[in-house]
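> Residues per chain are reported as follows:
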Amino acid sequence: MKSIADLEKIREKTLEQMNVRNQDVRMRIVVGMATCGIAAGARPVMNAFLEELNRRNIHDVKVTMTGCIGTCKLEPIVEVIDDKGEKVTYVKMTPEKAVRVVTEHIVNGRICLEYTVGAEENK
Amino acid sequence: MQIYRSHVLVCGGTGCTSSNSEKIIEEFHVHLKNNNIDNEVMIIRTGCFGLCAQGPIVVVYPEGAMYTMVKPEDVKEIVEEHLVKGRIVRRLLLGETREHEDVAKSLEKVGFFNRQMRVALRNCGRINPENIDEYIAYDGYKALAKVLTEMTPQEVIETIKKSGLRGRGGGGFPTGLKWEFAAKSQDDVKYVCCNADEGDPGAFMDRSILEGDPHTVIEAMIIAGYAIGASQGYIYVRAEYPIAVHRLDIAIKQAREYGLLGNNILGTGFSFDIDLRLGAGAFVCGEETALMTSIEGHRGEPRPRPPFPAVKGLWQKPTLLNNVETYANIPVIILNGPEWFASIGTEKSKGTKVFAVGGKINNTGLVEIPMGTTLREVIYDIGGGIPNGKKFKAAQTGGPSGGCIPASYIDTPIEYDTLTQLGSMMGSGGLIIMDEDTCMVDIAKFFLEFTVDESCGKCPPCRIGTKRMLEILEKITEGKGEEGDIEKLETLANNIKASALCGLGQTAPNPVLSTLRYFREEYEAHVREKRCPAGVCKSMMRYEINAQLCKCCGICARNCPVKCISGQRGVPYVIDQEKCVKCGACMEKCPFKAIFKNA
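Sequences listed follow chains A and B, in order.
Residues in the first sequence are numbered from 1 upward in steps of one, following this note's numbering.
Residues in the second sequence are numbered from 1 upward in steps of one, following this note's numbering.
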């Protein structure tokens, strides 16, 4: 026997679970998931993104995968694309770095420059 | 909580199920397990997406990629390429989205989808219809909560009246007014019924709503019960819809588990329950009084009105009967407000209408469009045009009760009154597109064959009259029409319309009258010249060999199933018209294209 409050709880909980069908996104996170990516540990990175976004109740960011970008030695590679199409490429990602990217870049809009491909090139 | 990074929605409507979508779902489970990602990807059986011509349809999120004409053998590739590696399988994508990088954005540009406005079909293809939680997630039962806690029954009725919603089953009667009549009737027991019989051939709007979003009908019926003062509802669904029956069973069970059906709903003291009643294959049971007679356990036969069902219906108690699609609009009218609904459509026809588009059109399937959309838009912008470059001839609306709209009226806005003025009717939503190769007399005969078969036999005008009309049509299409036959058809038609007991008989002559109105010359050609201009009526077809072009090879004679072609080397072959069965095999096989149809 459900009350109106019960229905609301079900609504919220189920909406979260159905969020992946949401097409109203303001940002996309694209994780390289080719053989090189997987070998370098892209799966834990992707899971870290999914868990952190979920923990923070962020529902307007899509996490998708892609194939080999070409710079295999820099894997795991993650691209963050905003709704204007501006792309930031993060390289040599780890689950810990993923959490920081969510906090700094996704939530606060501050690109984590030290993780980007540009920073890597200059080392 | 299990986080699924990808949802795969597979259409589980009857159309796609007949094309193996169940096997597709099985294959997904197998391959996901093989690749160890079965706890990352959720497979959901959903409702009709509408683009039935391209089914089975599978949509993968988060990308929003729509795969079409998927076969069970394709699933391995989708799993290994797309779900494991993130590489979208371009060859399986919907044609117009294949070349675009952002598949979701390109899907938004597809004319079939972006010209539609899905209100009644809002959840079809978006949720799992066998999971009440997903219905609730998308604001399900929120309208019911609002009605039971914030509105009086009278306010509910005023809202529906203000929205301008008209019955979607074909009659187009103002829904709010119907609810008001039922509410005003005084009696200790009242009933709410849902007409889910959907008997029109080729119509599957209601089926898709029942299969894809059964809870919207349940929620609406509870609201209706509250508005008119009823505590029991019946959904009369045809037995030929086993998937719909199954989904309704599950939905009712789940609603009862949550206390949304039964006693003291949401703790407000209001009680309402719903039971299913299955039809047994009679078209006439879609007629309101015949439907109620059937629920009562008798043979489905209509009753004279008055008294109308709102006064004396089921078991002589006040009964409200509405169509599935009408109900599907109710929750969203309550939540978004009647003004929102009234802002869609035209002055006298508010809201949207679902059409089952079939016949000679590329994008056969289900479309929902705002009232007032023109036939041209439906055929070309949404429907993708007529296949094989043929010319559009006419569109049939309203099924066996309706009529045709000829090509000259292609810019007619589709709404209740314009269609009636043209001699057709909105009907339940069947829309059959016909091209230059369709014989209008044959079409009229097709619909009349149906109604003659389905006539319950109670009243002579329908029982005898439609049969006599059919006999004349058969004569005409067999090349045996006589002068005066057309006038006889017209007289019969008008008399039957004026005297039949129920809507079946009263509208059975419509296809004939309508085709006579716009295509009289076709009838006259059949009668006076014994010629079928479209080349359809077999008995008037002649296959003839052009003696000049004939090379006497004998291939036609060897392929003729009745051996009616004779000739030899040096003597052009000739078809014996008496023995010819008009199969066309000779014309197909002739390597010199020397055989012609209807010279």
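Hints listed in this document are in silico derivations from the structure and should not be mistaken for laboratory results.
Quick caveat: nothing in here was measured; it's all calculated off a predicted structure.
A virtual CB, placed ideally from N, CA and C, is assigned to each residue, including glycine.
Be a bit skeptical, because a hint or two may be false.
What the hints assert, rightly or not - Covered by chain B, per the in silico footprint, the following chain A stretches (three or more residues, Cβ under 8 Å): (1) 7-15; (2) 56-66.
Unchecked claim - Pairs of lysine-lysine, DSBU-like flavour, derived with a Cα cap of 30 Å: (3) K73/A x K551/B; (4) K13/A x K146/B; (5) K84/A x K109/B; (6) K142/B x K9/A; (7) K391/B x K2/A; (8) K105/B x K13/A; (9) K551/B x K84/A; (10) K9/A x K146/B; (11) K597/B x K551/B; (12) K475/B x K488/B; (13) K87/A x K253/B; (14) K253/B x K9/A; (15) K92/A x K85/B; (16) K538/B x K563/B; (17) K85/B x K97/A; (18) K589/B x K391/B; (19) K2/A x K142/B.
> None of the hints should be skipped; say for each whether it holds.
Against the structure, the hints come out as follows:
1. 7-15: holds (count 6)
2. 56-66: holds (count 5)
3. K73/A x K551/B: Given pair K73/A, K551/B is violated - Cα atoms ~73 Å apart, limit 30 Å.
4. K13/A x K146/B: holds, 21 Å
5. K84/A x K109/B: holds, 18 Å
6. K142/B x K9/A: holds, 12 Å
7. K391/B x K2/A: Roughly 57 Å between the alpha carbons, so the hint for K391/B and K2/A is violated.
8. K105/B x K13/A: holds, 28 Å
9. K551/B x K84/A: violated, 69 Å
10. K9/A x K146/B: holds, 16 Å
11. K597/B x K551/B: holds, 18 Å
12. K475/B x K488/B: Within the cut-off at roughly 13 Å; holds.
13. K87/A x K253/B: Not satisfied, since the Cα-Cα distance of roughly 49 Å exceeds 30 Å.
14. K253/B x K9/A: Judged against 30 Å, a Cα distance of about 20 Å means the pair holds.
15. K92/A x K85/B: holds, 19 Å
16. K538/B x K563/B: holds, 18 Å
17. K85/B x K97/A: Status holds; Cα separation ~22 Å.
18. K589/B x K391/B: holds, 27 Å
19. K2/A x K142/B: holds, 13 Å
Consistency with the previously given hints fails for numbers 3, 7, 9 and 13, ordered from lowest to highest.
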